[in-house]
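Dock chain to chain to rebuild the complex, using the hints, since each chain is given by itself in its own frame.
Here is how the chains run, residue by residue.
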Amino acid sequence: MIIEDRYRRNKKTITDEDQQTLANSSVAIVGCGGLGGHIAEQLARLGVGKLVLIDGDRFEVSNLNRQIMATEHNLGQWKVEAAQERLKIVNSEVRVDAIKNWFQEDTGPELLRGVNLVCDALDSREARVMLERVCHQMNLPLVYASIAGWYGQLGVSLPGDFSVQWLFGRGDKGVEKTWGTPAFTPGVLASLSVAEAIKILTGHPPSLRNAWLQVDLLTMEFERFEIK
Amino acid sequence: MRITVKLFATFRDGRFKVREFDFPEGTCILDVIQPLNITFDEIAICYRNGKDAKSDTVLDDGDTLALFPPVGGG
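Protein sequences, first through last, are from chains A and B. Just so we're aligned, residue 1 is where the first sequence starts under the numbering used here, counting upward by one. Just so we're aligned, residue 229 is where the second sequence starts under the numbering used here, counting upward by one.
Since the hints were made in silico from the structure, they are not lab data. There's no promise every hint is true.
[Stated by the list, open to error] Derived SDA-like pairs (lysine to any residue); straight-line CA-CA distance at most 20 Å: (1) B/245 to A/221; (2) A/173 to B/269; (3) B/245 to A/219; (4) A/88 to A/74.
[To be verified] Here are some of the chain A residues that sit facing chain B, going by a computed Cβ distance under 10 Å: (5) 33; (6) 97; (7) 114; (8) 116; (9) 166; (10) 175; (11) 176; (12) 178; (13) 216.
[Unchecked claim] Far from chain A by the CB rule (all over 12 Å, computed), these chain B residues: (14) 238; (15) 249; (16) 289; (17) 290.
Glycine included, every Cβ here is placed at the ideal spot set by N, Cα and C.
Just chain B, with the same shape it has in the complex (with noise of 0.2 Å):
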């Protein structure tokens, strides 16, 4: 099935900014994270198609997910 990956801020720094890539039928969001070098602790807000999700959220084919850094500088 086909996952959409957004990044944003520094989580393009080394990567990308949007990819889409091919995964099999029940990954996780989890399971998505982990090639890029992310964990979860890192991540502030991870949007599934514009709604908050947690790390073991089942994937459907043409899902979104987008992935922000916390920004807490002043």
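The shape of chain A in the complex, shown without the other chains (with noise of 0.2 Å):
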């Protein structure tokens, strides 16, 4: 369905000509949950013309505190699928491909082939940096971001950067293990990625390469660290 003015009230943030190339822009999102539903539910309304869903997940319970599209109804469906058939009713004009799997070195790059920009949106440390190095052997641009708590880190990464391999190389494993992940914090960490990721998508340049921004929603500090 089109309909005339859906886009009126993101002017003049979006310009006409930047509303043109998103429609014609293509981005993956690696992970359906708390950060990849918020993503692809935004990178809809924005009007992308085509969203590739990565996740080889099913909805649970413990879903619903946090992942926007998880209902009661539909616990026990693929995640992706259900996001593909929100999207639908929130945006027809935008084509839905949903993976019922999980992103694989040797399979990623056929799932990446004719996008213009990756979001990770993944749960894994591991994951993230083989993710990125998938993204960077495609020459692809690839926005990130994790959440543990009150707390959420965000960045991009360019080819040849390894920004990712950088910040979640080292280190235990993650802090979200003990703090969980309350609503709140997916969907400010989802939101930023979005932004950075329009940005990257209508040709300006992102603010977080070779940075990375620190979030913290206890006491509404964002901080910017240089990566060095």
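If you want it as structure tokens, here you go:
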């Protein structure tokens, strides 16, 4: 359904020309949980022409606290399939491909073929590093975000940067194992990811290249650190 | 010598956000984090004056350490 005026309230933040660029763009969202669901929702509302959602998981009760695509009615359903159904009634102009599988290094490149940008919405630090490797091999820009409790980290990795490897390559298991992920944290970090993604898609320089944003929602501090 | 320690995210829980300490000459990063009950393995990013540092890095007067735990959820 083409609805005139759909994007009227995007102006002048997103110009007509930018809006057309978004309509011709394709974004892969790897992980369709807390972060990925919000990212997909916003990119669909923004009118990104094609979304490729990749996640090998189904909804369960513990997802209801934060995952926007999860409802009491779709528990047990593939996350990407539920997202596809929802996005179809949010913006039918957007084509949504639902990949009911985990992103893997050998099969991943095929899934990313033809996309303009990748959003990392994974929940494992090892998988994030692998995704960045694949993106760099395919010359694709990557927007990454991670969350735990009140906290999050976010940045952009352009081919050759290896910022994710740098940021997530060390340390024990993530503190999200003990601190969990309440609803507000993925909402904030997903929104920040989408803002960076839109800049890259429309040809504006991203703000967080070779840097990351450290988000603390307990103290409401947003601090930028350079990656050196 | 004066060393400023900045903690981020869950490292602040039960500790502090930023604090200055007095340490003797020759103090390394490990000597600073041990009394805080933080092991080097728990740290994802260890910045000394805004640059990556190792556990045995010897500190200078006026240095600032910034310690970040791994945040990996999605």
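Here is what the structure says about each hint:
no., hint, in the structure
1, B/245 to A/221, "11 Å, holds"
2, A/173 to B/269, "10 Å, holds"
3, B/245 to A/219, "10 Å, holds"
4, A/88 to A/74, "16 Å, holds"
5, 33, "5 Å, holds"
6, 97, "20 Å, violated"
7, 114, "24 Å, violated"
8, 116, "21 Å, violated"
9, 166, "8 Å, holds"
10, 175, "5 Å, holds"
11, 176, "3 Å, holds"
12, 178, "8 Å, holds"
13, 216, "7 Å, holds"
14, 238, "5 Å, violated"
15, 249, "21 Å, holds"
16, 289, "22 Å, holds"
17, 290, "19 Å, holds"
Comparing the model with each numbered hint stated earlier shows that hints 6, 7, 8 and 14 do not hold.
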